[in-house]
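Q: For the protein sequence lines, the chains are A, B and C, in the order given.
Residue numbering for the first sequence follows our numbering, starting at 9 and increasing by one per position.
Residue numbering for the second sequence follows our numbering, starting at 102 and increasing by one per position.
Residue numbering for the third sequence follows our numbering, starting at 398 and increasing by one per position.
Read the hints as simulated data drawn from the structure, not as lab findings.
Just so we're clear, the structure is a prediction, and the values are computed from it rather than from any experiment.
Think of the CB as a built atom: it goes at the ideal place given N, C-alpha and C, for glycine as much as any other residue.
Take these hints with a grain of salt, some might be off.
[Claimed, not checked] Covered stretches of chain A, going by a simulated chain C footprint (3 or more residues, C-beta under 8 Å):
(1) 158-170
(2) 270-278
[Unchecked claim] Here are a few chain C residues that sit away from chain A, every Cβ distance over 12 Å (derived from the structure):
(3) F413
(4) F424
(5) V452
(6) A457
(7) D463
(8) Q465
(9) R475
(10) E497
(11) D541
(12) P550
(13) G552
(14) E586
(15) G609
(16) S631
(17) A639
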Amino acid sequence: MSGYWAGILAILAINIIFAYGIFVTAAAGQLNLGGAGFMAIGAYAAAVLGEQLGWSPALTIPAAVTITGLIGIAIAFPVLRTRGVYMVLATFAFAQVVTGVILTQPVLGGAMGMVVPDYVDLPVLIGAAIATVVLVFFLMATRLGLAMRALHDDELVSTLMGVPARAVQVASFALGAGLAGLAGGLYAHHFSFVEAQYFSALLSIYVLLFVLIGGTQTAWGPLVGATFFTLVPELLRIGGSWRYVVFGVIIVAMMMFRPEGIVTRTLLARLFGRRRRVADAG
Amino acid sequence: MSATATPMRRARPLTMALLLGLAASLLVAGITALPGGSTLAQQIVSGLMLGGIYVTVAVAFTLTIGVLNFLNFTIPTLFMLTGMVAWGLARWGLPFGMSGGLHWAPALLGGVAVAILASLIVERFTFRYLKTRHGDATEHAIPLVSSLGFLLIFEHLVLIVLGSEAQSFPVRFRLDWQIGPLVLGLPQLASLLLSLGIVFWLSWLLAKTRTGRALRSIAESPDTATLLGVEVTRIVPIVFLLSGLLCGVAGALFVVNYSDVSPFMGDHVGTKAIAAMVLGGLGSIWGAIAGGLLVGLLETLGIHFFGGDAAQVVVWTTLLAAIILRPQGLFGASRIGKGKL
Amino acid sequence: MPDDALLRLEGVSKSFGGLKVVDDVGFALPRGGRLGLIGPNGAGKTTVFNLISGVYPLDAGSITLDGQAIGALPPRARVLAGLARSFQNIRLMPHLSAVENVMLGQHARAAGLGALLTPIGWMPRGRWRRDAEALLAEAGLDIDPGEVVSALPYGIRKKIEVVRALASQPKVLLLDEPAAGLNPAETAELARFLREVAARGTALLVVEHDMGFVNEVCESVVVLNFGRRIFAGSMAGARGDALVREAYLGAEEIAADAA
Numbered sequence: 009m010s011g012y013w014a015g016i017l018a019i020l021a022i023n024i025i026f027a028y029g030i031f032v033t034a035a036a037g038q039l040n041l042g043g044a045g046f047m048a049i050g051a052y053a054a055a056v057l058g059e060q061l062g063w064s065p066a067l068t069i070p071a072a073v074t075i076t077g078l079i080g081i082a083i084a085f086p087v088l089r090t091r092g093v094y095m096v097l098a099t100f101a102f103a104q105v106v107t108g109v110i111l112t113q114p115v116l117g118g119a120m121g122m123v124v125p126d127y128v129d130l131p132v133l134i135g136a137a138i139a140t141v142v143l144v145f146f147l148m149a150t151r152l153g154l155a156m157r158a159l160h161d162d163e164l165v166s167t168l169m170g171v172p173a174r175a176v177q178v179a180s181f182a183l184g185a186g187l188a189g190l191a192g193g194l195y196a197h198h199f200s201f202v203e204a205q206y207f208s209a210l211l212s213i214y215v216l217l218f219v220l221i222g223g224t225q226t227a228w229g230p231l232v233g234a235t236f237f238t239l240v241p242e243l244l245r246i247g248g249s250w251r252y253v254v255f256g257v258i259i260v261a262m263m264m265f266r267p268e269g270i271v272t273r274t275l276l277a278r279l280f281g282r283r284r285r286v287a288d289a290g
Numbered sequence: 102m103s104a105t106a107t108p109m110r111r112a113r114p115l116t117m118a119l120l121l122g123l124a125a126s127l128l129v130a131g132i133t134a135l136p137g138g139s140t141l142a143q144q145i146v147s148g149l150m151l152g153g154i155y156v157t158v159a160v161a162f163t164l165t166i167g168v169l170n171f172l173n174f175t176i177p178t179l180f181m182l183t184g185m186v187a188w189g190l191a192r193w194g195l196p197f198g199m200s201g202g203l204h205w206a207p208a209l210l211g212g213v214a215v216a217i218l219a220s221l222i223v224e225r226f227t228f229r230y231l232k233t234r235h236g237d238a239t240e241h242a243i244p245l246v247s248s249l250g251f252l253l254i255f256e257h258l259v260l261i262v263l264g265s266e267a268q269s270f271p272v273r274f275r276l277d278w279q280i281g282p283l284v285l286g287l288p289q290l291a292s293l294l295l296s297l298g299i300v301f302w303l304s305w306l307l308a309k310t311r312t313g314r315a316l317r318s319i320a321e322s323p324d325t326a327t328l329l330g331v332e333v334t335r336i337v338p339i340v341f342l343l344s345g346l347l348c349g350v351a352g353a354l355f356v357v358n359y360s361d362v363s364p365f366m367g368d369h370v371g372t373k374a375i376a377a378m379v380l381g382g383l384g385s386i387w388g389a390i391a392g393g394l395l396v397g398l399l400e401t402l403g404i405h406f407f408g409g410d411a412a413q414v415v416v417w418t419t420l421l422a423a424i425i426l427r428p429q430g431l432f433g434a435s436r437i438g439k440g441k442l
Numbered sequence: 398m399p400d401d402a403l404l405r406l407e408g409v410s411k412s413f414g415g416l417k418v419v420d421d422v423g424f425a426l427p428r429g430g431r432l433g434l435i436g437p438n439g440a441g442k443t444t445v446f447n448l449i450s451g452v453y454p455l456d457a458g459s460i461t462l463d464g465q466a467i468g469a470l471p472p473r474a475r476v477l478a479g480l481a482r483s484f485q486n487i488r489l490m491p492h493l494s495a496v497e498n499v500m501l502g503q504h505a506r507a508a509g510l511g512a513l514l515t516p517i518g519w520m521p522r523g524r525w526r527r528d529a530e531a532l533l534a535e536a537g538l539d540i541d542p543g544e545v546v547s548a549l550p551y552g553i554r555k556k557i558e559v560v561r562a563l564a565s566q567p568k569v570l571l572l573d574e575p576a577a578g579l580n581p582a583e584t585a586e587l588a589r590f591l592r593e594v595a596a597r598g599t600a601l602l603v604v605e606h607d608m609g610f611v612n613e614v615c616e617s618v619v620v621l622n623f624g625r626r627i628f629a630g631s632m633a634g635a636r637g638d639a640l641v642r643e644a645y646l647g648a649e650e651i652a653a654d655a656a
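For reference, chain A alone in the conformation it holds in the complex:
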């Protein structure tokens, strides 16, 4: 496999994991516009643990996921008291605080960034991406996943069905944070260098856009979104700024004509479903 395509696949794998992190909270009705903040926490946690404690990636990455998940739980309680546009702003502000704090800490390299020891190869990234996809598909098939989707559609009535809204929302937010942290940890060890400027507001915006364009109704959405937006510009050989102009035009067009995203339940039904009658049930 050529170095160029290996690089693309690596980015794709990381984008997929990151996208699922945002998907898991979006599917439950919460928009996280601070994904890059959690990815940064994961990346720097892995970097620091590897650098300062000499841990291998087999330890730093799970630790990074755990740390990010715990911070996600801690942040979830105050943030989930907000709704709608306030939640968007709160998560946005959180990500800015994270990168701001990183920039002021010399031990984290400040604006110069930090070198990350121990390289993690492409197969590990691909394995992690596959595991993430399987995990989220499983989650959405459980009663917990059903509760999340119900909360997305109608929070009040979900509570009146007995769903513990706050607990499910915190769990999905924390899981999302953990996945973003996983993406960050893998990014750090694969590219061997982290700097705060990479984890910008624009990165948070991109990943949220992948997820919303892919579709939040089913677990196929983030896979399609991340793949489409990572591979298509490469395949069409669009480079640099034109890539983002095209991206922007697609987003505007999608919101005009198909705001629910590319993959919807009805689309899946048309592609894969067989019609059954209730009377067929054993």
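Assemble the complex: chain A is given as a structure, and chains B and C must be docked to it using the hints.
A: Relative to chain A, chains B and C alone:
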């Protein structure tokens, strides 16, 4: 829109503002009189000047959220477009070689015109198509997402056409007014007053004119407004026009005062303006004024005492705390709707 | 004296900003009972439902379910105690399928982390899914259970909502205008289904405007007007009661005079 809701605002706004301005000046004078106070006072003055820019953009944000319930992420880009287009016009003149480099005044006007045009384009391709069918969380985000799309389009088109380097606008006024140990940049003072003037004009527009009343009724309840005969589809573009105008004015004033233009100037100002809007209360113009000045002060004093990077952390942490502890800000009303069962 | 009422309201009141919407309302629903809650529009019936299910807190009074005081419990606890309801404006989850909406209703019965993490979406022959599909069949819904509900017609969605409420096997089922917008055939079918449900032990409290339907399904009625209870007893008794006639017909007489 809470432009005229509480008793405080029934007092004539202009009188109140003049009184506050007087009080602020006395405070600053007092601090200057203290030993070693003049540095602090100078920082306060600079902070308020910077705040003036944030005020104008914050008002654009808060107007759009108040009337349309729409967090318009394209707004900072409109600010940037004004600056960059003005620079481009001054440097190279009109496109297709129709003229040589323009004088700074028409260049600035051109920049403002482009900002307004861009804003109307955004309206045409986002709001007109909005059809909320289920009213759930991700549906409310649709216009927000569209505005993010436009942010990408405009910012990257500018990068392509005008390059990614920071540039210098060819005019910069240097007129300083010395009052005791304090130095007041006259252009900065003029732009603070101009920003506040535009915002007061907007406030008057909302309170006293037919269009303003129509806007406020849409903010209250779009359905009732339609029933009352307000032509929502004709009035909504006015919000976008006003946003474009406000960002254009802010951009023009920024460029004249600080002279730096870059394709990224919108990002910095935009995020501070959002912070200002939240601190003041979503939907409140007075809140945007207070918030903008406050953010300008916080940022300038923060840089003075803690250094550049730490100051950013201070501003963002304050914002995060504000959203969590008091989301309605200083002047807003909490707006958490309960569905009808 | 043992209280054989399953659901008992006493002195329940609620005001919204100075307007007393529910004023000192009390009634009892016996075990296996079928009670109609009727009255002209704006009488406060849906508010009573919202107070029972915990959407609004009580200003005054008490609500007891099977001997347990539920007036101070959060909505979720009341569901777990055996309460279920449907809504005046259909509140199904639009992006979920019919069977998924019903399985959501099962949530109150599916206790514990194990149940929460069972991949029911991957188990088409699993117990929960077959239960849900069986309930849909019993209600006479001959549809594709995997169809997303936003695509289904009004009458079918209304019935799915009732089925969803039943999926938690509640002690008391609150139904808010279940027959609204249904054609006569659908209405009769629903009445038949509800009588079967009641026969199997679920008590029903039904808000309705269709008096034929109330007659079919309920054994007795409570009449509200302007937030107050003006009558409790049989349908026949209600028809004969002067206050009830005035509440309903008074409005009609004014309209007739004006015509």
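Q: Which earlier hints can't be squared with this structure?
A: 5, 9, 10 and 11
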